[in-house]
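Put the two chains together into one complex; each comes in its own frame, and the hints tell you how they fit.
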Amino acid sequence: MRMDEGIELSLTIAQIIQRLRGSHLHSQIERQAKECLHQPDVKLESLKEDVRSFLKTSGWERKLQNAVYRELQLPPRHPPAPPEHLKEPLVYMRKAQASWEKRVLKSLNSMSTELGVPLAHMRPAAEQKELTNKWNEMGTDEPDLSRFRPVYAPKDFLEVLIGLRNPNHDSSEDISVRSHWGLIQVPLNVRDIPHLREAYSELNLTSGQMGIDDHALIHPAVLCTHSLFCLHVSCVVVMEEDSAAAQQYSRQGCPTGLRADLWALILNATNQPQDVMHYEQLKAGVIQHNLLVDNLIYKDVKLTASNDDYYFVFEDFLYQVLLCFSRDTAVLEHFKYNSATPPKSYIQGEIISVIPFHGFSMYVAPLCFLYNEPSKLYNVFREMYIRYFFRLHSISSHPSGILSLCLQFERLLQTHLPQLFYHLRQIGVQPLRLAFKWMVRAFSGYLSTDQLLLLWDRILGYDSLEVVAVLAAAVFAFRAENLMEVTSLASAEAVLADLSTLKVMPLIQVFLFATAM
Amino acid sequence: MEAVKMMQTMSGTPDDTKPVNFTVKAPVYLQIGDAKADTAHSGVCVVDVNLPFGKPVNIEEVTFKNYYTAYVTVRLLRRNPKQEAPAKWCTAVRDLPLMDNPHTEGGSQDYYTIHRTQMQVEPDHVVCARLILRQPSLAWLTFSLEDIKIFPHTEPDPEKEVSDWLSDLTLTDQHPDLEGLPDPQTVSSSIQQMWALTEVMQTNQTTASIGRFDVDGCYDISLLSLT
Chain A
1 MRMDEGIELS LTIAQIIQRL RGSHLHSQIE RQAKECLHQP DVKLESLKED
51 VRSFLKTSGW ERKLQNAVYR ELQLPPRHPP APPEHLKEPL VYMRKAQASW
101 EKRVLKSLNS MSTELGVPLA HMRPAAEQKE LTNKWNEMGT DEPDLSRFRP
151 VYAPKDFLEV LIGLRNPNHD SSEDISVRSH WGLIQVPLNV RDIPHLREAY
201 SELNLTSGQM GIDDHALIHP AVLCTHSLFC LHVSCVVVME EDSAAAQQYS
251 RQGCPTGLRA DLWALILNAT NQPQDVMHYE QLKAGVIQHN LLVDNLIYKD
301 VKLTASNDDY YFVFEDFLYQ VLLCFSRDTA VLEHFKYNSA TPPKSYIQGE
351 IISVIPFHGF SMYVAPLCFL YNEPSKLYNV FREMYIRYFF RLHSISSHPS
401 GILSLCLQFE RLLQTHLPQL FYHLRQIGVQ PLRLAFKWMV RAFSGYLSTD
451 QLLLLWDRIL GYDSLEVVAV LAAAVFAFRA ENLMEVTSLA SAEAVLADLS
501 TLKVMPLIQV FLFATAM
Chain B
1 MEAVKMMQTM SGTPDDTKPV NFTVKAPVYL QIGDAKADTA HSGVCVVDVN
51 LPFGKPVNIE EVTFKNYYTA YVTVRLLRRN PKQEAPAKWC TAVRDLPLMD
101 NPHTEGGSQD YYTIHRTQMQ VEPDHVVCAR LILRQPSLAW LTFSLEDIKI
151 FPHTEPDPEK EVSDWLSDLT LTDQHPDLEG LPDPQTVSSS IQQMWALTEV
201 MQTNQTTASI GRFDVDGCYD ISLLSLT
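Keeping their order, the protein sequence lines are chains A and B.
Letter by letter, the first sequence follows residues 1 to 517 of this note's numbering.
Letter by letter, the second sequence follows residues 1 to 227 of this note's numbering.
Bound conformation, chain B alone (with noise of 0.2 Å):
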């Protein structure tokens, strides 16, 4: 097991956040009985996710590509910084279907991901995962999930706790994160703005003309100079 680095970004938008770097161990087929019988087909898969040794994560969420499996649980083994007690083994999602029907193939190949709000319990000081995975058709060669990548929960700007208290002062609305879109108070100003302008205009008008583009008097389109 190498120790390695965790990369982490303080940025809040998951978009920006790094995976962590961590090894996953050989996934283990079981077996009833010998373990040497290759003629039936292991339902079962168990995969070990060993995160950086002396550094437990607190999980955002879990994504991977699935490669026809049907179901899978995944625990964690979590330890309480807190307290001198012993880590802890707990069930954070139980059964998840990735597949519609294990005998097809709606879902075989999809990316998925886990948030943090869909597991039973806080993903917080994880030391070690562990994903079981469960095929129980026949009607496929092997079963696996790929590219599994653990998105640590990153805290909220610290900047923002400055204006907490200035937020309290002023009532604003709860818009979704819209990114890249005007805000739309200043939409509803510019608005206002070319309102006014609008009545100011009615209100002053006059009968000279703007005169732009006339030329002597005329109007022609080929005395137009464009710069």
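Excised from the complex, chain A in its bound form (with noise of 0.2 Å):
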């Protein structure tokens, strides 16, 4: 009804006002009206309004859109709601994420008790020097690191996650035996075919995609008006500042001279004097404080990204944001409004923020070809991570956790391709045991770069997790044909092992939009 409607509206206007009152920006804009005054142009009779154009004109009031935009994509709050529900309204899936926690953070310190290396300790003055000097190019070092293993593996994740189940669903043999297919039990919503067409209509086959159709097999006349197009519809949304219309935009792909700007733009990734001097003080701390995580940081970098024949140049830069961001207990106040707080623990007296499990750095390394100063580098990493990549490692009932994305993934292929399905349940192979690794790491270390990040502009651009999942089914309807012939969980992984050559856009848009219902 309208009035509730007007009702909800004035508390969610009252409840963002009262999250940017004392914030950077509230400030700034107030020293800039004040400064304004000074102006002939704005007159005492007509102050309020003067005042409020000056802001429009000089940048500030799109700076403000900026921020209440951000701040929108905050979950909304009804009053009766305690803060843990706003977090994971389920309770039996919050339990699971606290259980998962604490086996998470006993892994972690029964590691420390049996190398006998204390969770956190001071460095020496000597070692402080040594690894300020050293700070630049980390990656030389060569640490014994052979007594370190990864806290755990994106498979004891999934373990965690078949076993889940809802104490109140009724899981009967009188119920449809659809759930007994896959490995998920846990009935959430996710959503098909039909309505994935609805929610991505600019991925039709008949819109331009950036990377698809700037080939150079089209007709150079039409190449370069659209390619031009697009280019200066990104540059004016550039230098208008404007997030929304950036995240709009990102939708069918940013061209890859503006993608870093544009990212920034959508997470609102500032690199302001203030951002510098927060990853100044992760630094020092880092200097200062060795904690046990950092070996497994090493670890995890000399292990995947240095491997990587893409990401291995990046190593040194790994490192800096890694170390850091272990340390960012910022990281933590944001998870006080959204939902699932992740693996965090009090280490004699500092808050580690997030516990790295094997191949945690692959969500750092794409971000190198973007952005190769440190702080920003850092910021970014940290609102993809805060917005994104934590719920690839959480539970959590969200349309882009993790739990859903593998649901999502088992049904959609259970739906339009149950041949395959079938053939593979029949040769003793779950389809999501071979899909899992791809969607917890966004395929991050599976696709070529160009192509991971054509994938990540998607992500960003519909703010959800749920192209990783449609990939997922997209890759195994392509290969539909050559795992139709495997007969051994062996030759199925065989099938999927190389993802490189895959072409992202290509796949997904004929996915969704080719797909005989």
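It is worth saying that the hints were derived from the structure and are not from the lab.
Do not rely on the hints blindly, as some may be mistaken.
As the list claims (entries may be wrong) - Heads up, simulated EDC-like pairs for lysine to aspartate or glutamate below, C-alpha to C-alpha not over 20 Å straight-line: (1) A:LYS95 with B:ASP110; (2) B:LYS65 with A:ASP316; (3) A:LYS48 with B:ASP110; (4) A:LYS34 with B:GLU199; (5) A:LYS48 with B:ASP183; (6) A:LYS34 with B:ASP183; (7) A:LYS134 with A:ASP316.
Laid out in structure tokens, this is it:
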């Protein structure tokens, strides 16, 4: 009803004002408003309007709009619901996440005891000096990491997800057997192709996409106009510094040269002095203390990114970002609003924000292609983590959470490739076990970098990780013929081992818009 | 049925209002045919809410926490105090969806508020309320509503009536209720004062220094005393 909407709207407005009040942007705008009083065209009689129009023309209103837009991304609040409910409404999921966090922490603690390495200790002065000097080339270090092993691997997490049960769910045999085909037994609402077609209409076969339609095969005249037009639009978007427009634009892919700016705009990841200062503080923390987790980060980078043809050059950057990230308590602040607290712990008075798992560094690696300034790279990564990546290794009912993505992948396959699903089950292969590692890393390290960035354009553009599940199903659809021939798990894995030649957008487009219904 | 006191404060804001004390009968799950059959899940449940005897309530809003109920219908038994007619049942809310899809988790454990403006009838002089819960899906073992609260409608503060005729004289904008924020009028008037001050300063500029932090003409930070 309209009046109820009005009440809700003013409540939302009041909440957003509350959150923005006292922020740096607020003091900046206040200062600007005070300074503009000196201007001759600001008159006493029309003071309010004049100040307002000044703020508009000088671009401050746009900055405020961006900040409000960012706040709107957070979930709405209804007065009666307690905070943990806003994080995650389902009680059994909250419990599962809490016990998973405990398990991870216990594993870390026992590793510490077993190896005789303290969870945190202060570095001696000489070591601090050495690290400061070597900050830009930490990759040259070759510490002995053989004793350290990752706290957990994605497949351990998959087992937890598979074991998840709703105590109120009736799983007797009378119920449709469809739920017993796949591994995920939680009845979350996931979207099927008809709904996805509506939601992702910009990916229609008739719409131009960056990365396909600027291919050389198209007539040069058409190519030039189309590319120029897209480039022009994106330039305007960047110059106007419009977050919402950038997000809308990103749905059809970003031009390579402007991607860095567009992403920073969408994520509202500024690189203002206080951001740089925050990064420097974290860096100081790294130099002062050595955390057990640091060794895990080193090991992860050495095992994954350093071995990758595309990312090994960024090894030093990865250390600079990840070591700081593991100490960033501001990351935890944000999780008060969002669902699912990531695994955190107090270690001798220091809070670790995130305990990395095997492959964690791959979240950062692709970003190194876009940003070469460490504090900017750090800010963008932190925003991406807070908005999207943390959902890939937490237990929640969120539509972008890994649980929903797994279920969506299974359902898409069961609905549109039933023969393939059945065949794989017959030979003892569960498709999710093959696709899980792709989804948990948002395909980083599996696709070629340019294709990966096109995929992540859509994650940002649609503010959802759903495309990751859709792509996983699309890959199976693409390789369906070969998969129907295999007779063992090993050969199925071999068919899906190399994704580096895949073109992401045609696969998604064909799967969503050309699948017979 | 115990007689219970109704607690009510005279404040206008919903935050201060206490819910009505009432008794809730045990929910009744309806079955077709033989009520003893345990094998078939019931898809309909009726929850009767008996408000304090002799004190009809004007309802402001009803809040509850869902537990896997798909749809809720609210029926009210109203007794008009002016007329001698017997109390009548009416439907306030029909089949309000609480879950996006009865078979999946969305909305299954959410908190809900039904405000009087969302109701099809005026929920005044209510003696009894009946909540009819429906869950057609076989996916769930049980369904219910928890923590049901009914908040009474409070009349606006009588003191406001005095200023009614005052507000007729001055035209004020309708601002949304922004709690804790300064009044826009005071902010703009203080900005006007600041502006006037800056104008005065500009016209009366002197070359004499303020001399607040000078000591013998020099400005030495270590000579600043911090009290």
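Structure-based check of all given hints:
no., hint, result
1, A:LYS95 with B:ASP110, "holds (17 Å)"
2, B:LYS65 with A:ASP316, "violated (51 Å)"
3, A:LYS48 with B:ASP110, "violated (42 Å)"
4, A:LYS34 with B:GLU199, "holds (13 Å)"
5, A:LYS48 with B:ASP183, "holds (14 Å)"
6, A:LYS34 with B:ASP183, "holds (18 Å)"
7, A:LYS134 with A:ASP316, "holds (10 Å)"
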